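What follows is each chain in one-letter form.
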Amino acid sequence: MSSVTQIAPTPVAPVAPRGRGRRRRTRQLGWNLLGLLVLAVMVFPVYWMVATAFKPGQQILSYTPHWVPTNPTLSNFRDAIHQPFFWNAVKNSLIVVSAVVALSVVLAFLASLALAKFHFYGRKAFIVLILGVQMVPLAALIIPLYILMSRLGQIDKLTGVIAMYLTFVLPFTVWTMRGFLLGIPKELEEAAMVDGATRFGAFVRVLLPLVGPGLVATSIFAFIQAWNEFIIAYVFLHTPAKQTLMVWLASFTTLRGTDWGPLMAGATLCALPVVVFFLLVQRRIAFGLTAGAVRG
Amino acid sequence: MAQIELVHLSKVYGNDVAAVRDLNLDVAEGEFMVLVGPSGCGKTTALRMVAGLEEISSGEIRIGGKVVNELAPRDRDIAMVFQNYALYPHKSVYENLAFGLRMRKVPKAEQKERVEEIARILGLGEMLHRRPAQLSGGQRQRVAMGRAIVREPKAFLMDEPLSNLDAKLRVQMRAEIARIQQALKVTTVYVTHDQVEAMTMGHRVAVMRDGELQQVDTPQRLYDAPANLFVASFVGSPPMNLFEAVVERDDSRLVCRIGETELELPADVAAERPALANYSGRPVAVGIRPEDVREAAGWDGARLRGRILLVESLGSEQLVHIEIAATPLERSDLIDAAAQPPGPPLGVDDLERAVTLLGRFDRHLLLAPGEAVEVAIDPRLLHFFDLETGVAIPAVDVPVAAEVVS
Chain H
1 MSSVTQIAPT
11 PVAPVAPRGR
21 GRRRRTRQLG
31 WNLLGLLVLA
41 VMVFPVYWMV
51 ATAFKPGQQI
61 LSYTPHWVPT
71 NPTLSNFRDA
81 IHQPFFWNAV
91 KNSLIVVSAV
101 VALSVVLAFL
111 ASLALAKFHF
121 YGRKAFIVLI
131 LGVQMVPLAA
141 LIIPLYILMS
151 RLGQIDKLTG
161 VIAMYLTFVL
171 PFTVWTMRGF
181 LLGIPKELEE
191 AAMVDGATRF
201 GAFVRVLLPL
211 VGPGLVATSI
221 FAFIQAWNEF
231 IIAYVFLHTP
241 AKQTLMVWLA
251 SFTTLRGTDW
261 GPLMAGATLC
271 ALPVVVFFLL
281 VQRRIAFGLT
291 AGAVRG
Chain D
297 MAQIELVHLS
307 KVYGNDVAAV
317 RDLNLDVAEG
327 EFMVLVGPSG
337 CGKTTALRMV
347 AGLEEISSGE
357 IRIGGKVVNE
367 LAPRDRDIAM
377 VFQNYALYPH
387 KSVYENLAFG
397 LRMRKVPKAE
407 QKERVEEIAR
417 ILGLGEMLHR
427 RPAQLSGGQR
437 QRVAMGRAIV
447 REPKAFLMDE
457 PLSNLDAKLR
467 VQMRAEIARI
477 QQALKVTTVY
487 VTHDQVEAMT
497 MGHRVAVMRD
507 GELQQVDTPQ
517 RLYDAPANLF
527 VASFVGSPPM
537 NLFEAVVERD
547 DSRLVCRIGE
557 TELELPADVA
567 AERPALANYS
577 GRPVAVGIRP
587 EDVREAAGWD
597 GARLRGRILL
607 VESLGSEQLV
617 HIEIAATPLE
627 RSDLIDAAAQ
637 PPGPPLGVDD
647 LERAVTLLGR
657 FDRHLLLAPG
667 EAVEVAIDPR
677 LLHFFDLETG
687 VAIPAVDVPV
697 AAEVVS
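Order-wise, the sequence lines are chains H and D. First residue of the first sequence? That's 1 in the working numbering, and the numbers climb one at a time after it. First residue of the second sequence? That's 297 in the working numbering, and the numbers climb one at a time after it.
Chain D with its partners taken away, still in its complex shape:
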């Protein structure tokens, strides 16, 4: 067990393509760190550099305080789980599990003992003599995990180990991996593009984009206080609603104008975000989580009027797409492409600039597409971002971990 430190780590490919740029990340001893980001964001490259499978262009990697830049993968005492499992097809499950021990010249008897122990824990006891080709996807995944665990390495590196499993098995293995990691307390770096996996498994999550670290924090804080528009749009499913609004000063009060509607910002919101006052008269990006969008019955604050485009029932709740009059974000380069609200608005013609607002509503509400609806928005639940840079306009007690580069 050891901590892993990445210091000013960069990877540049021959023709000046930077896969990872100046990455600084400390993974504490026993911590489960998830690297997450869309494909091509450099997370896998970073992981492979830690494993020693990719050369480091500049910067330093330390494992357990020791610089490992020049060490071969075998000398770093790490174990890796690959996306396609990379089981040795010509070896039995037993030989697959024992391979690392054999390479490290562990005595035969101990090899047998440890392999059988791991096989028992992972429920592979019956399959030790099978070949990988004779196993199901889930079983192969377990063997790949077992091969990493049995070595008792300083750290686990996992490269999207669940992405080849079907959805149901993935949820099951997700919990299992998290449980195993908690039991063994081995430092783990886990790469995924799935933000749900990242949120559910990681002690801390590092969000990456275009080779740059956007924010590192606990899942809850990533969700509650995204450092920039990209993180806000990437974390959370369905994603945060983002649109443009104008902050205006009305006497001593701050007002946030969304379309035609004026939302008065209570004094405490303004006090929490002192920087917000500087934006008065200028447009900002505003975000609100779908679960914070409420139907306005009984709400005495400002209401947004809209029209229902689509109702998706999820059983426990319903996802409602509501078209409201507001300015869509023009800097779509600052947000996760996959998180953009679907398609152009279809319904209301008289709204010149419309935004589709996604709301998670109680399942008992009777709503039908085409209906007019009023939604309540609590100004305390709004997230504010600078429209130029995408950086969050922070509340005072929320330190921002990393800056976005525009």
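Chain H with its partners taken away, still in its complex shape:
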């Protein structure tokens, strides 16, 4: 630092702070503007969905866009809910999501325990595999999966969809949980074992509470994945009574055109649970993301 000040020509020195300050402010302003722009791009589709849901039919289809729904209406929501199979779809989605969240949390905890705490043969290969399978595009798997599932008699069944969701939720959750577990000093479980717990008891009584934030983070991920998934559900669930909400949404698009108002109302309804769930747990997830950094 001192050498820099020596080299700098003296007359410039008094001017520099102000110029630098202004430059910093301009740069900050630029970044803020960019941030706002990105926010607008991200938020606009969501806004358009919600706004459309409240617009009466002629406003939706008019050639001059109506930015704000003047005289909003709830008729689209009424139509959406009275659409056939809505309640079936809600029920199916809830079943699929709760099964996927519950199973993935339990399985991920156990699997990541194995990966983080035991040095079994082939552990490294397994870790690489877990990373690797996340890179395979889903579209490439649809046909093989379909053949596999039809041989297992799992076409048009929620159990089949749950199993498939687990296959692509688990690698991520296991990976994340492993990170959380690695952050916990091994002395903690050793202390528990010396204190009289079994190995598994130490996991459940000491490690499980400590990876709570990790469990929350991964369950959010599993929830969002399972709730929002469309392609697998669309391909594997044929019977309207067995379809999930996302597939049900697609039923608004028919050969005779798309019924935009009720579709947007339905989409808004479908987005609500995810938003609510996220708002409920977001404090914990923020805590969870930083928890590993602080030593216990």
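Calculated directly from the structure, the hints in this document are not laboratory data. Just to be clear, a hint being listed does not mean it is correct.
So the derived label-pair ranges between C-beta atoms look like this [as the list claims (entries may be wrong)]:
| no. | chain 1 | residue 1 | chain 2 | residue 2 | range |
| --- | --- | --- | --- | --- | --- |
| 1 | D | Gly361 | H | Lys124 | 39 to 45 Å |
| 2 | D | Ser354 | H | Ala114 | 24 to 30 Å |
| 3 | H | Leu208 | D | Ala429 | 15 to 21 Å |
| 4 | H | Gly35 | D | Asp371 | 56 to 62 Å |
| 5 | D | Ser609 | H | Arg123 | 56 to 62 Å |
| 6 | H | Val128 | D | Leu480 | 48 to 54 Å |
| 7 | H | Leu131 | D | Ala324 | 51 to 57 Å |
| 8 | D | Arg358 | H | Arg123 | 33 to 39 Å |
| 9 | H | Leu182 | D | Ser432 | 24 to 30 Å |
For clarity, every value in this text was computed on a predicted model and none was experimentally measured. Where a beta carbon is used, it is the ideal one built from N, C-alpha and C, also for glycine.
Following the hints, complete the assembly by docking chain D onto the known chain H.
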């Protein structure tokens, strides 16, 4: 309470790395045994094997006469204090203390009684509802101790429990742990790398190096009669001065030649160490404790001439670094690396082979760096070691507990 016996205990890791080699150690009932050694000497591994946290490669561990090799940690009825305390961060102090009791299905009322009693003794009464994160380092340390004590186990195992504390607190807790152990009379195995801790706390101290036991004895005897060069250099702070000397026979007398100076060994010294006569004409390693190095005023024996390099005042006394003409030890692998005298000698050019001698001198002596000085060395206070193996050349009444492996 129980005695702990380690019999031919070894730990070998996959690729033939031996962490502990053929360790034999008996810890008597109620004894405070300290395992000490530089890092990587296998002391922690040995302790973890006793706890059951590390598998035993070969040998046997007995606690209270019962072989525990195959027992899970929970069935060994031992309590352990970890270096990082390993307090359960999500539990309150009370729950931390009660955890072991809960696991052992002690009735709720008794749990409460015992936890509160321990908390009172350790001065944690006010903090029972806090989380570990809200405690200071010293308080966490107390909770870790309390968690071990409250269980009333057969033995305490402590793995460097004080190393995370600042120097002042460490001295305080050192005394406290020793006091608690004396009050409870529970067999304790305590691991540390700090020889001061080892000396001050242990009833007996086991010095380890490279997975091998060097010597087990009371602190005083370790200090007075180190079994080999390693123990001599490891125990004591500042460490023992070590250098080479030649033993020569002059008529019937034995003479020890340090540099150019000849030190006559009195008949009783020679008689005490009969083996020394066999070394005549050969070099040996000679050691002298810093407090035995004296300023030569009034001394009528042989004197070593030297030059003061540095004076460190400690208040109660001064540490004086004196350069003398002598041959430095070439087998530095036999001594504790941390104990080697600092740096190459800087001063006198005419001394071809110089050794820095550390002396603890009276604080009233006026000494300045660069001054010439004469030191007196009482041959009765010298320690002799074989230069090849590092093993002490023993005095007859001092049995050597363990042999060094070269």
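The hints, checked one at a time:
1. D:Gly361 with H:Lys124: 39 to 45 Å: With Cβ atoms ~43 Å apart, the hint holds.
2. D:Ser354 with H:Ala114: 24 to 30 Å: holds, 28 Å
3. H:Leu208 with D:Ala429: 15 to 21 Å: With a Cβ separation near 19 Å, leucine 208 of chain H and alanine 429 of chain D satisfy 15 to 21 Å, so the hint holds.
4. H:Gly35 with D:Asp371: 56 to 62 Å: holds, 60 Å
5. D:Ser609 with H:Arg123: 56 to 62 Å: holds, 57 Å
6. H:Val128 with D:Leu480: 48 to 54 Å: Once the Cβ atoms are compared, 51 Å apart, the range 48 to 54 Å for leucine 480 of chain D and valine 128 of chain H holds.
7. H:Leu131 with D:Ala324: 51 to 57 Å: Taking Cβ atoms as reference, leucine 131 of chain H and alanine 324 of chain D lie about 54 Å apart, which means the hint holds.
8. D:Arg358 with H:Arg123: 33 to 39 Å: holds, 34 Å
9. H:Leu182 with D:Ser432: 24 to 30 Å: holds, 28 Å
No hint from the list above goes unmet by this structure.
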